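J.: Below, each chain spelled out in residue letters.
Protein chains: 2
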Amino acid sequence: MIGRVLRFGMETQQQWFESFRSFISRFVEISDRQFDDLKAILQTTYLRKGEFFEGSTPESVRCGYIIKGLIRTYFITEDGKEFTTDFCKENDVTTNYDLLTSDFSQEYTSEAVEDSIILAMDHGRFMELAEKHPPLQVFKNALIEYYYGEKLNREKSLLSMSAEGRYLRFLGTHQHILHRIPQYHIASYLGITPVALSRIKKELRDE
Amino acid sequence: MIGRVLRFGMETQQQWFESFRSFISRFVEISDRQFDDLKAILQTTYLRKGEFFEGSTPESVRCGYIIKGLIRTYFITEDGKEFTTDFCKENDVTTNYDLLTSDFSQEYTSEAVEDSIILAMDHGRFMELAEKHPPLQVFKNALIEYYYGEKLNREKSLLSMSAEGRYLRFLGTHQHILHRIPQYHIASYLGITPVALSRIKKELRDE
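Line by line, the protein sequences give chains A and B.
Okay, so the first sequence: first residue is 1 according to my numbering, each after it adds one.
Okay, so the second sequence: first residue is 1 according to my numbering, each after it adds one.
This is chain A alone, in the form it adopts within the complex (with noise of 0.2 Å):
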């Protein structure tokens, strides 16, 4: 499923993709043009909730910048388990890394937590127009070195830290969309079972 791709009314559009420039802008300066040229190969993606971020077939890996919702990405193990490694939320960039790296063999899953609006783009597609708009890969080389640093993070905090302390760092870094979150996306983040983090939550309750 690579959710649809629905019609909305032009003025909501340029709002979406004004949102998008001003993401952009943070990184790098992008002149009109080379928007122009980015916008058309952006495709307004729906997603309703449980659906997956995907291409459609494996090469054709997308990336996003949310307009709404709220997109997981996980992998899972051989023996079937599932572990999550991102909650993007509205007015980030979500990717399955693939986008980033050029590496498909990471094999991550992005899936909506709830109903969700995203500019997608292919990454073939994006790769290209890079080539063309030196900004742009100015901007995929920002993200990259952001999500670099998140992961450098993320390995602290694995190797480091307890399961009750991970809870707590992440009740800070994703305070803005904890009550979004399902408890068993949250234990699957933090690599413990939905009944350890209930423990845990018990135990900070009774001190």
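Note that these hints are calculated values from the structure, not bench results.
Remember, it's a predicted structure, so these values are computed and weren't measured experimentally.
One or more of the hints may lead you astray.
All copies of an identical chain are treated as equivalent in the list; a pair is satisfied when it fits inside any one copy or across any two copies.
What the hints assert, rightly or not - Derived pair list, reagent style DSS-like, types lysine-lysine, alpha-carbon separation capped at 30 Å:
| # | residue 1 | residue 2 |
| --- | --- | --- |
| 1 | K201 | K156 |
| 2 | K201 | K81 |
| 3 | K156 | K81 |
| 4 | K89 | K68 |
| 5 | K201 | K49 |
| 6 | K49 | K39 |
| 7 | K89 | K156 |
| 8 | K202 | K81 |
| 9 | K156 | K202 |
Take the given structure of chain A and dock chain B to it, following the hints.
T.: Chain B alone, transformed into the frame defined by chain A:
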């Protein structure tokens, strides 16, 4: 301790430069003139086992191409526990991450596990040069992309694998340098105590 700067024969030094250039050429073509400018900011640095690889001030962090030796990068928690995040050997680039992300808050330390020789460079000077020579920017971005992929794998194994699983994976990924790393450093990379590592090794022997 920033390591001694030694003088070596021109011929030896020339070989080291060629080795670094050949490493760079795996990612991007670099012209003679561009590489000459890069050579001008390289400082051949000799570290004895146990010495730290760092700049003379917190801002003058460095990264370097390892000619010989083994460098370990780690961080220390508030309660004094040490965790290893990387081992880099000859013909690799070592960094305490800051060169890559310009984020000086991570507070990693790099130390020589063996006597080491490094072609070191200062963060600020490298970035200046990369402004002038786009291939150096491409090289830097390729390194970040590579290390980002490494940290994704690291997240996966820390989230989803048991300590024994992580140890077995480590045996595979670090097989060529296993005999050069003390057991307590391996334990600190796996996020377990040396005692727990001994127990895992014993259990694997007994199986």
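J.: Please go over all the hints and tell whether each is borne out by the structure.
T.: Status of the hints after comparison with the structure:
In this assembly of identical chains, K201 and K156 lie within 30 Å of each other by CA distance both inside one copy and across copies; the values are 22 Å within and 25 Å between. Taking the closest pair of Cα atoms, K201 and K81 come within 30 Å of each other both inside a single copy (22 Å) and across two copies (26 Å). For the homomeric pair K156 and K81, the shortest alpha-carbon distances inside one copy (22 Å) and between copies (12 Å) are both at most 30 Å. In this assembly of identical chains, K89 and K68 lie within 30 Å of each other by CA distance solely inside one copy; the values are 7 Å within and 45 Å between copies.
In this homomeric assembly, K201 and K49 come within 30 Å of each other (Cα to Cα) only inside a single copy, at 26 Å, whereas the closest approach across copies is 45 Å. Proximity of K49 and K39 under a CA criterion of 30 Å is satisfied intra-copy only: 25 Å inside one chain copy versus 54 Å between copies. Proximity of K89 to K156 under the C-alpha cut-off of 30 Å is found in both arrangements, the shortest distances being 23 Å within a copy and 22 Å between copies. For the homomeric pair K202 and K81, the shortest alpha-carbon distances inside one copy (24 Å) and between copies (28 Å) are both at most 30 Å.
Taking the shortest alpha-carbon separations for K156 and K202, both the intra-copy value of 25 Å and the inter-copy value of 28 Å come in at or below 30 Å.
In summary, the structure agrees with every hint in the numbered list given earlier.
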